[in-house]
Amino acid sequence: MSVSKTVLCIEDDRFIGEMYVRSLKKAGYDVDWVVDGNDGLITARNKSYDVILLDVMLPERRGTEILDALRGGAEDLIPNSKVIVLTNFEQDDASRTQMQKHADAYLIKAEITPKKLIEIIRQLDALPPPA
Amino acid sequence: MPHLIRDFWPVFRRGAMTRIILSQIVVISVVAAILILTNTLPVSSMVLWGIVVALFILGILRGLLISHFSARPARDLLTAIIHVAGEPTDKTFPNPNDKRYEKNGFKIALQTIYELSGKAEEGVIPAPDTTQPSTAMATITAPAPHVNSDSLSSALDATTCGFVVLNHDRTVSYANKAAPIHIDAENVTTLSLVFNGQDTLESWLNDCDEHAVHAEHIWTRISDRLPEEEGRRFFDIIASYDKGSSHETVLTLVDRTSTYDISEQDLDFIAFAAHELRGPITVIRGYLDVLEEELGAVLQPDQHELFRRLTVSANRLSGYINNILNTSRYDRRHLKVHLAEDTLAGIYDTIKDDMELRAHAQNRLLSVAFPADLPTIAADRASISEVLGNLIDNAIKYSNEGGAINVTAEVKGDFVEVSVQDHGIGMPGNVVSNLFQKFYRSHRSRETVAGTGIGLYISKGIIESHGGNIAVRSEEGRGSTFIASLPIYSTVAAKLASGDNSNEGLIEHGNGWIKNHSMYRG
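Each protein sequence line maps, in turn, to chains Z and S. First residue of the first sequence: 1, per the numbering used here; consecutive thereafter. First residue of the second sequence: 1001, per the numbering used here; consecutive thereafter.
Derived by calculation from the structure, the hints in this document are not laboratory data. A couple of the hints might just be wrong.
[What the hints assert, rightly or not] Straight-line distance between alpha carbons at most 25 Å, and here's what the computed SDA-like set of lysine to any residue pairs gives:
1) K25/Z - I1284/S
2) K1352/S - E75/Z
3) K101/Z - H1338/S
4) K5/Z - E1294/S
5) K25/Z - I1281/S
6) K1352/S - Y1320/S
7) K26/Z - L1288/S
8) K26/Z - E1294/S
9) K1352/S - K101/Z
10) K26/Z - A1297/S
11) K115/Z - L1299/S
12) K115/Z - S1313/S
With the sequences and hints as input, model every part of the structure.
Here is the structure:
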């Protein structure tokens, strides 16, 4: 019996968050949703998720800081998770490159639909775990 | 035929000499004949020949002296004109302050010439020491004259306007303090200006060299540094070109930093505004996708069609926001393309569904056929899909119901050329030449078709950032064909690998990196 995959959605926009949560749940994922950056960081560290959906413009703590705290140090604090950065904000080149370095995917929210997002999660899932 | 003013004088002098000698021969012959015929002196007399020779020499000398004296003002005027015209010459230019000219009143005539040519200060100001010829002014290649007056030069240094003078070799012969120049270790002064696209000072000067005698050109919003650098300034530049002059090109640079800096902030505002606009679009696109699937069974066929229209509209809106964002980045020179090996078909696949949906919703016949053996290209996937989207979107906009739109590609030299052809309303020639300008929309289309007018502008920016070119063939009433060329990957692979281009996209390629953020469009 396969355990359903777990997803953490860190997203402050209610409509967008609900949309992803609804679709992911329908697709069989086990989803937790937090709406601010601090909770996001704490939750991500407390439980090992298969996938973390990370917004950039978040209250309390930006997505950039969260990703840096989780993966910027010497040790990867979330080695078993795939991180998908989801943003509608046009970051400058430097900070975007920095995030891309630590993330497994970097997507513009307006460019994808929940269906596409699920496709990408499946695609990432099919990848061999990092060596 | 002499082409220069200075060529006149030797011809004139030769003519004068010939006349003096010929007239002298005539005079001598007449004198000799009278002396012989009146039997004053016999032909064999040494005295006769002595008189003839003496008279001849004296006459020549007299003629030369008179012609020299009487032609002198003419010669000075001519020399002055030669200098004013900027012809190379080794003659000293007549100094109006010369005592001689002051005495005989010729000074005013010389001054008038210099004043008429706007060279008054150069003619009047030089030190009285006329033994030192001002060859600097006369010879084009020598480092040219600085402004000879301290007060003028300090006045120029006090303005916030930059003034730069280039000579024929395009070296900087004068620059005031405000001018954006760079002086290297070998004391060579160069202009530091970052021009937009292909409309550079150099290309304009090349054009002037070939086609113009006098020309003017204006550039706006030209910066002296790259965006990241400190103390960046913006200028509007007015250039005037005067062929053959010792100061062939004069640039006036008006510092507009304060104005354009504010618009930099405006552009930041665009980034925030886009963020706000994208939020609702995310939800609209997302739920349309979800709902169409969930309601699939209960929707009537015409309701499905309505759903498609909603989807198409939301997708287009999202595309326009990307256009606006990229334009603001391009204008700030923040638009970076990350070139990676890719196939045209692969790039088109990312927007295929969206394009087919759009064509279908507006009843156009979209046919896309790329040859299977097309080589790979060096492209930024997100940007090129945006260009293809823009071109196809235009083809849909400017064609008629049921019209065919053909997208094809072929190899041309080192490039792959993509063509998007429609059979729509087309454009007259005068429209074509303005087509790639920002906010440009043809007169007629303004009334009948909605749009922002930046799609082609940013498409051109993106294609040129790839090292390619975008062109259009159009015939009014027959339709238009847009052709964009992109470099074949193998022709630029070595350059990309050496890191000459911003090509981070090449790195993480093999291990499932999903990098291009517009990759999952629609």
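Tested hints:
no., hint, in the structure
1, K25/Z - I1284/S, "19 Å, holds"
2, K1352/S - E75/Z, "41 Å, violated"
3, K101/Z - H1338/S, "15 Å, holds"
4, K5/Z - E1294/S, "23 Å, holds"
5, K25/Z - I1281/S, "22 Å, holds"
6, K1352/S - Y1320/S, "17 Å, holds"
7, K26/Z - L1288/S, "16 Å, holds"
8, K26/Z - E1294/S, "11 Å, holds"
9, K1352/S - K101/Z, "29 Å, violated"
10, K26/Z - A1297/S, "18 Å, holds"
11, K115/Z - L1299/S, "20 Å, holds"
12, K115/Z - S1313/S, "18 Å, holds"
In the structure shown, a violation is registered for the earlier hints numbered 2 and 9, in ascending order.
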